[in-house]
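Based on the hints, put chain B in the right spot on chain A.
2 protein chains.
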Amino acid sequence: MNKVEPVVVIHGGAWAIPENISDASRNGVKLAARKAYEILKHGGSALDAVEAAVVILEDEPVFDAGKGSCLNAAGLIEMDASIMDGTSLKAGAVAAVANISNPICLARMVMEQTDHCLLVGEGANMFANECNVPSVDPSSLVTEACLEEWQTFEKYKSAVDSLFNNQINSLPLGHDTVGAVAMDANGRIAAATSTGGITGKRVGRVGDSPLIGNVGTYAIDEIGGVSCTGHGESIIKICLAKHIICLMESGMRAQEAVEQSLQLMNSRVKGAGGAICISASGEPAFHFTTERMAWAIAKADVLSWGLDPNESNVEKMV
Amino acid sequence: MNKVEPVVVIHGGAWAIPENISDASRNGVKLAARKAYEILKHGGSALDAVEAAVVILEDEPVFDAGKGSCLNAAGLIEMDASIMDGTSLKAGAVAAVANISNPICLARMVMEQTDHCLLVGEGANMFANECNVPSVDPSSLVTEACLEEWQTFEKYKSAVDSLFNNQINSLPLGHDTVGAVAMDANGRIAAATSTGGITGKRVGRVGDSPLIGNVGTYAIDEIGGVSCTGHGESIIKICLAKHIICLMESGMRAQEAVEQSLQLMNSRVKGAGGAICISASGEPAFHFTTERMAWAIAKADVLSWGLDPNESNVEKMV
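Those protein sequences? They're chains A and B, same order as listed. For the first sequence, this note's numbering begins at 1 and goes up steadily by one. For the second sequence, this note's numbering begins at 1 and goes up steadily by one.
These are calculated hints, taken from the structure and not from any lab test. Please note: incorrect hints may appear among the correct ones.
Said to hold, decoys possible - No more than 25 Å apart at the CA atoms, straight line, and that leaves these computed lysine-lysine pairs for DSS-like:
| id | chain 1 | residue 1 | chain 2 | residue 2 |
| --- | --- | --- | --- | --- |
| 1 | B | K90 | A | K270 |
| 2 | B | K3 | B | K41 |
| 3 | A | K90 | B | K270 |
| 4 | A | K316 | A | K41 |
| 5 | A | K90 | A | K35 |
| 6 | B | K3 | B | K316 |
Next up, chain A with everything else stripped away, as it sits in the complex (with noise of 0.2 Å):
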């Protein structure tokens, strides 16, 4: 018998998305909900629902995570991951990893099979060899358009006043992390994040998205869950996700708690992004602070979802 009504909130990155990747971003979104909604109605746990949005969401090459990752300093793909269970407080990361499809599914790896909770660089790759994980080709996982871009931003740091200020119709494709929330029937919450970081990063450049309670990705069942997107240098400084988490402990709702966390980021440190939220009462909240960002919600078997500020679409699941 089911005591909670499940709920899932995903988001598909915070940022200028430009028109020729809108529909994609929605229609991932939309899928990502769907599958981890269909996990959570069949009695599935958040874990589980978390981590199959965001394998979808990694395989999208329109997403900034896996399949489709930016490319770094030197041309590379380096991925970050992280996964946070709501429950036993227990957490799995991995950051700068290569040749993997599916960091996310590392990351619980990481935090189910090693007493550690962040894997970096070729340690996280020896692990993935132990657990058996297929190598892949790097080149498998890069787009044309990511390669475009990265050919396109000589300098990270045009890259960050770019993307993240501006929205450039003229640039080849888009990106941002990827990111789901997740509460199950029985009440747990879980929370995922995954990207590929920012085109031109530096090797070994690690953001948000792995800093599990910085930002990426917080989970606690009494309170709620978060997975951030954005900025990850200002989502770091100003620790997002736990600060979120804090202002509902205070007694918020979850929709302003968000709000009034991503102000705060905007005017103390100059930073945009978005975040997606479950309060432990079951509430999904929202909200951007950049121009855009993919979201989708499924509840009550009702999907919404949206890209624009005040874009709000809605569709009874069958």
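Same frame as chain A, now just chain B:
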């Protein structure tokens, strides 16, 4: 003209410090506190003070940071460090970095010379080369004691159980994270943390220390600064540093915030550790739930320090 009374707090790690290194641990934190306080008294910045203090602790082989870092499962040293400026909220960190003497200095270079907050593994070492940081022979950082400890602990799990939960006098030598928090004459707060991690850790394992805001290090002038130590994975789960800051932001005094947060970590995830803190009003605080923690405070020309739960020594500084 000085507007604020400078203050600095140092820790040399919270764990079951064995008797044979207790005096060296006390002396190390005292030396670091004196050095940082001298800088502050001469009008130096909080950032300069915490960096200089941590350099002293990294150079002292009795602490698990820089020279004297624990060896990982492969018998190698991989170090983590982070620093944060409470005025700008700029932060810099390195993780799983090898072959350099003072990771805290490289963390500061990440903060000041890149657009990123965290560089890991080979990428961190590439950046060190760019900055002309001298590469050192890894064996110069390995102490006989750490080598013996590595040989003793074949499994990471047993290391965690033994070191954080029991005092084992038969251990050849000990270790743990070091850290410093300072407020300068202009009321600016900075925090820094550095560690070699846990003996037998997996290659690429990153603990709490480089995770700004999670635990290792957080500083924001309006509220305070924190540096944490203890079992990194527990600290990550609870987001210890940011948790302390959140409690202080809600009006709690520094000492109560530190104690309450460590108690929460103990009850929620059964993790032991310690933390040091300075509030925006200049109140220093520290607490630990492990058997011992080496700590030192310098304020108003008085140096205080201790190691055991009720130990507090005081001397006038000239």
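Hints versus structure:
A hinted pair counts as satisfied when its Cα atoms are at most 25 Å apart, and K90 (chain B) with K270 (chain A) qualifies at roughly 12 Å. Between the alpha carbons of K3 (chain B) and K41 (chain B) the distance comes to roughly 12 Å, so the proposed pair stays at or under 25 Å and holds. A hinted pair counts as satisfied when its Cα atoms are at most 25 Å apart, and K90 (chain A) with K270 (chain B) qualifies at roughly 12 Å. Simply put, K316 (chain A) and K41 (chain A) have alpha-carbon atoms about 15 Å apart, close enough for the 25 Å limit, and the pair holds.
At roughly 24 Å between alpha-carbon atoms, K90 (chain A) and K35 (chain A) fall within 25 Å of each other, so this suggested pair holds. Of the pairs offered as hints, the one joining K3 (chain B) and K316 (chain B) holds, with about 22 Å between alpha carbons and a cut-off of 25 Å not exceeded.
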